[in-house]
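Peer 1: Below, each chain spelled out in residue letters.
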Amino acid sequence: MSGDGQGRRHWFDDEAGPVVRPYAMTRGRTTSAAQHRLDLIALVVTEQHAEDPEADHTLSPEHVDIVELCRDVPQSVAELAAGLDLPVGVVRVLIGDLVDDEMVHVTRPVPPAELPDESILRDVISGLRAL
Amino acid sequence: MIFGRSERGKPPVEPVTLKILVAGGFGVGKTTLVGAVSEIRPLRTEELLTEAGRPIDDISGVEGKHTTTVAMDFGRITLREDLVLYLFGTPGQDRFWFLWDELATGALGAVVLADTRRLEDCFAAVDYFERRSIPFVVGVNCFEDTARYPAEAVRQALDLDPGVPVVLCDARDRESVKEVLIRVVQHAMAHAAAAREAVTT
Ligand SMILES: Nc1nc2c(ncn2[C@@H]2O[C@H](COP(=O)(O)OP(=O)(O)OP(=O)(O)O)[C@@H](O)[C@H]2O)c(=O)[nH]1
Ligand SMILES: [Mg+2]
Numbered sequence: 001m002s003g004d005g006q007g008r009r010h011w012f013d014d015e016a017g018p019v020v021r022p023y024a025m026t027r028g029r030t031t032s033a034a035q036h037r038l039d040l041i042a043l044v045v046t047e048q049h050a051e052d053p054e055a056d057h058t059l060s061p062e063h064v065d066i067v068e069l070c071r072d073v074p075q076s077v078a079e080l081a082a083g084l085d086l087p088v089g090v091v092r093v094l095i096g097d098l099v100d101d102e103m104v105h106v107t108r109p110v111p112p113a114e115l116p117d118e119s120i121l122r123d124v125i126s127g128l129r130a131l
Numbered sequence: 001m002i003f004g005r006s007e008r009g010k011p012p013v014e015p016v017t018l019k020i021l022v023a024g025g026f027g028v029g030k031t032t033l034v035g036a037v038s039e040i041r042p043l044r045t046e047e048l049l050t051e052a053g054r055p056i057d058d059i060s061g062v063e064g065k066h067t068t069t070v071a072m073d074f075g076r077i078t079l080r081e082d083l084v085l086y087l088f089g090t091p092g093q094d095r096f097w098f099l100w101d102e103l104a105t106g107a108l109g110a111v112v113l114a115d116t117r118r119l120e121d122c123f124a125a126v127d128y129f130e131r132r133s134i135p136f137v138v139g140v141n142c143f144e145d146t147a148r149y150p151a152e153a154v155r156q157a158l159d160l161d162p163g164v165p166v167v168l169c170d171a172r173d174r175e176s177v178k179e180v181l182i183r184v185v186q187h188a189m190a191h192a193a194a195a196r197e198a199v200t201t
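Read top to bottom, the protein sequences are chains A and B. Everything in the first sequence is counted per our numbering, starting at 1 for the first residue and increasing by one. Everything in the second sequence is counted per our numbering, starting at 1 for the first residue and increasing by one.
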């Protein structure tokens, strides 16, 4: 292993995975305006006007990835985290930045503690039957 | 890709999303169940959690193992262009319990998978959903080499409320898993109806 690879490995913990790097990406921030509202199944949708995120130099490559990934097809927070191979908390912060910049918006899942209405549940049942 | 590509310039459909949790003891078949019905290979998402009382952004503490990663598997079922169900397989180990609150928030309901050879492994999950009034069904995963317990024996052993469905299932079998999920949704509907009743009387 090269010295460099070895050096970085220090920051990894077999069980905990990379610890420093993702949070370095969010500049140590672990909270953001949007973060607390973001359920794992909240969907991120790129705004129509967000045409050239790469031109925005305040955005990291990971921000740009999210904008591109959610352009044609909304993606859930969980899917983004899995797809970008980042912890959910980090993805939430990145999404929060993009919401603040009005590059994306987030759909609200059914509010916690409120069950979706009965007609949706019926649709889920018939959808499952039809699978 | 997933929900059907939108035509250029047309905003994409924003589906309603719902989630069902799949809980149970270590190695009971949670990921297998998710994979049996998911349209995607179960994905893995991770969260870094800070051990109690330690600020997560205390970089100096990294060597001291102050964070831990909790991983959960999830799958997706697109029921309609505008209706998508996610299944989350919760981590099996007890020490990750504190994550569950976030996972459970807003869940439609849950499946508690049980293995009759070690029923006690799912006690914790049963307790958890009971205490939070999250509707759940118990899926008894029938591994071939185990004697088939009647559902009633499982119900008694777990001391379940009479209303909680107990379903024998095979986590590898798509039809069987579909049936379990349908029971969850039906139970959630009954649960919601009962809750409404309680409010109006
Ligand atoms: N014979 C049989 N094997 C099963 C069944 N369900 C799961 N298995 C096997 O049991 C093992 C564990 O299944 P998983 O789906 O990984 O269990 P899990 O609950 O996700 O495990 P953890 O996430 O580690 O807690 C795998 O080797 C599966 O192939 C079943 O219904 N019958
Ligand atoms: Mg698993």
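Don't read these hints as lab results, they were simulated from the structure. The beta carbon of each residue, even a glycine, is placed where N, CA and C say it ideally should be. Check the hints yourself; a few may be wrong.
[Stated by the list, open to error] Listed next, the stretches of chain A that the computed footprint assigns to chain B, with coverage defined by at least 3 CB atoms under 8 angstroms from CB atoms of chain B:
no.: 1; stretch: 61-69
no.: 2; stretch: 87-100
no.: 3; stretch: 117-126
Peer 1: The structure should be examined with respect to each hint, and the outcome stated for every one.
Peer 2: Right, here's what the structure says about each hint:
Against chain B, the stretch 61-69 of chain A contributes 0 residues with a C-beta closer than 8 angstroms to a partner C-beta. That does not satisfy the three-residue criterion, and the hint is violated. Restraint check on the stretch 87-100 of chain A versus chain B: 4 residues with Cβ-Cβ distances below 8 angstroms, three needed, restraint holds. With 7 residues bearing a CB less than 8 angstroms from a CB of chain B, the stretch 117-126 of chain A meets the requirement of three and the coverage assertion stands.
Taken one by one, the earlier hints fail for this structure only at number 1.
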